[in-house]
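Number of protein chains: 2
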Amino acid sequence: MNVIQNIKEMQQVITSLKNSGKKVGFVPTMGYLHEGHQTLMKQARKENDILVVSIFVNPLQFGAGEDLEAYPRNFERDSIIAEEEGVDILFNPAVNEMYPRSSTVKVIVEDRTDGLCGKSRPGHFDGVATVVTKLFNIVLPNRVYFGLKDAQQVAVVDGLIHDFNFPIELVAVPTVREQDGLAKSSRNVYLSSLERDQARELYQGLQLAKRRIEQGERNPEAIEQLVKAYILKTCDAAIDYVELRSYPQLRPVDTIVGKVIIAVAVKFSKARLIDNIILEIV
Amino acid sequence: MNVIQNIKEMQQVITSLKNSGKKVGFVPTMGYLHEGHQTLMKQARKENDILVVSIFVNPLQFGAGEDLEAYPRNFERDSIIAEEEGVDILFNPAVNEMYPRSSTVKVIVEDRTDGLCGKSRPGHFDGVATVVTKLFNIVLPNRVYFGLKDAQQVAVVDGLIHDFNFPIELVAVPTVREQDGLAKSSRNVYLSSLERDQARELYQGLQLAKRRIEQGERNPEAIEQLVKAYILKTCDAAIDYVELRSYPQLRPVDTIVGKVIIAVAVKFSKARLIDNIILEIV
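Just so you know, the sequences run in chain order A and B. When you line the first sequence up against the numbering used here, it's residues 352 to 633, in that order. When you line the second sequence up against the numbering used here, it's residues 352 to 633, in that order.
Among the clues, some could well be false.
It does not matter which identical chain is meant; a pair holds if it fits inside one copy or across any two.
The list that follows gives simulated cross-link-like pairs (lysine-lysine, BS3-like), each with its CA atoms no further than 30 Å apart [said to hold, decoys possible]: (1) LYS610 - LYS369; (2) LYS369 - LYS561; (3) LYS561 - LYS373; (4) LYS561 - LYS470; (5) LYS359 - LYS535; (6) LYS610 - LYS359; (7) LYS610 - LYS584; (8) LYS374 - LYS618.
Keep in mind the hints are simulated off the structure, nothing from the lab. A quick note: this is a predicted structure, and the numbers were derived from the prediction, not measured.
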């Protein structure tokens, strides 16, 4: 496995691989790799000649008072996992390699961000879209892999790729869960053991909503209320949002039909967790 | 010469050329080609295996009340000129090919645009940076050629390429002028014959400034006043701005030293003209 920290070197290595006809799969991450990332890597490994993983905790997507400093990091462990997953190139730039000076440009996300995490975290998706634009130009992949746990991020990157015409195929990979349903996340390490027990209820609440919709409920507000009440009853956590929207456009809907997402975000004492399910109602 | 209107086709043709080791030079234009564009094409023709020219009048970079509708167009004449210059691929997308739906993202230019045309044309450079981002992803060039008549555009694209890490070399080409010094521009056709005579004075005013600096003047305001007075005396035109700034950072300077630009914009009855000179003062 080749560990690269320099942008120009990354571009040169990839360009020469692509010139020799190799297809490049790319898994961008913020590190502290877990089974969710490993699932992305396994799929990308299967579908491409070259597998690139980036590890970069992007300051631009953290707001004031968010957990940039506290975000868990462990490069040594990450590089062992990457090696085990058959990663060819691990791209691990320093912050001042990615942002060497105050930037003259940034990407603004104008749609798909008025709800869910976009509302709670102003500027977050601008930071995501900006760093993803940079990473696309540095890694020059044919396919990029994102996990559907961050479904709004997938929707934003889908818009970015289409509207800026990146010659890249977006592959959205289903959320990987613990045995009890909790979505895998780097932030799960910050749950106390009581919170860890309660955190399983986020997915249970989403499953409850799914069953209710399957039974015929078509009112989005009724579903949102149902999930909120379930979480309040089962978790000592503050609800940030429970929202039902169309997917991937993320528009509010009057009635539940077509492809919809039910997304939740809650704050435990030291960790903000998100989860979602996407349903297709004919 | 291959004329392409479809984005996916353009990406496929270019990718297969690049995979066979060809270097791609790119001249983005809004058409109505003149000797300035031809100079860009000749240089790009010499320095690359494949020459791509785009013709696209980009609505996003025109403000309300600007000359989007009136902007001169003549595709038949343009394609003859492109053919003569040895263009391999002429990319000529329709507006709804480039902007098929309301966009979810755009590029914002946060620096280098508080003066010159950035001040007079709010949103203009966001539109330029957004379409250039799209064109870079569609044409995937190794080198891109821009004329220094639009020096602020060159500075913005320089920032865009660096800050978004596009693997593209920017080649800035000196302004091409008529015999009497008037900078070549598609908009010159809208000058009356009296205005056409007067328009030469923009460059004369800039040359006057250059001589005064060579004689030792180091006060930017004195130079700006000198050029303003000269233009007011010689032209029946409204001055939009006369500004002296650092280049390419485009910051105001206290004293004239290093690389600086003197830029002017004036409004004749039917055409807004711009011109500039860039000096290096040791």
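Going down the list of hints, with the structure as the test:
For the identical chains of this complex, LYS610 and LYS369 are neighbours neither inside a copy (36 Å) nor across copies (39 Å), given an alpha-carbon limit of 30 Å. Proximity of LYS369 to LYS561 under the C-alpha cut-off of 30 Å is found in neither arrangement, the shortest distances being 44 Å within a copy and 48 Å between copies. Taking the shortest Cα distances, LYS561 and LYS373 never come within 30 Å of each other, neither inside one copy (42 Å) nor across copies (53 Å). Proximity of LYS561 to LYS470 under the C-alpha cut-off of 30 Å is restricted to the intra-copy arrangement: shortest distance 24 Å within a copy versus 53 Å between copies.
Taking identical chains as interchangeable, the C-alpha atoms of LYS359 and LYS535 are never at most 30 Å apart, the minima being 33 Å within one chain and 36 Å between chains. In the homo-oligomer, the alpha carbons of LYS610 and LYS359 lie at most 30 Å apart only across protomers (27 Å), although the nearest pairing inside one protomer, at 41 Å, exceeds that limit. Taking the shortest alpha-carbon separations for LYS610 and LYS584, only the intra-copy value of 28 Å comes in at or below 30 Å, while the best inter-copy value is 66 Å. For the identical chains of this complex, LYS374 and LYS618 are neighbours neither inside a copy (40 Å) nor across copies (52 Å), given an alpha-carbon limit of 30 Å.
Of the hints listed earlier, those the structure fails to meet are numbers 1, 2, 3, 5 and 8, in rising order.
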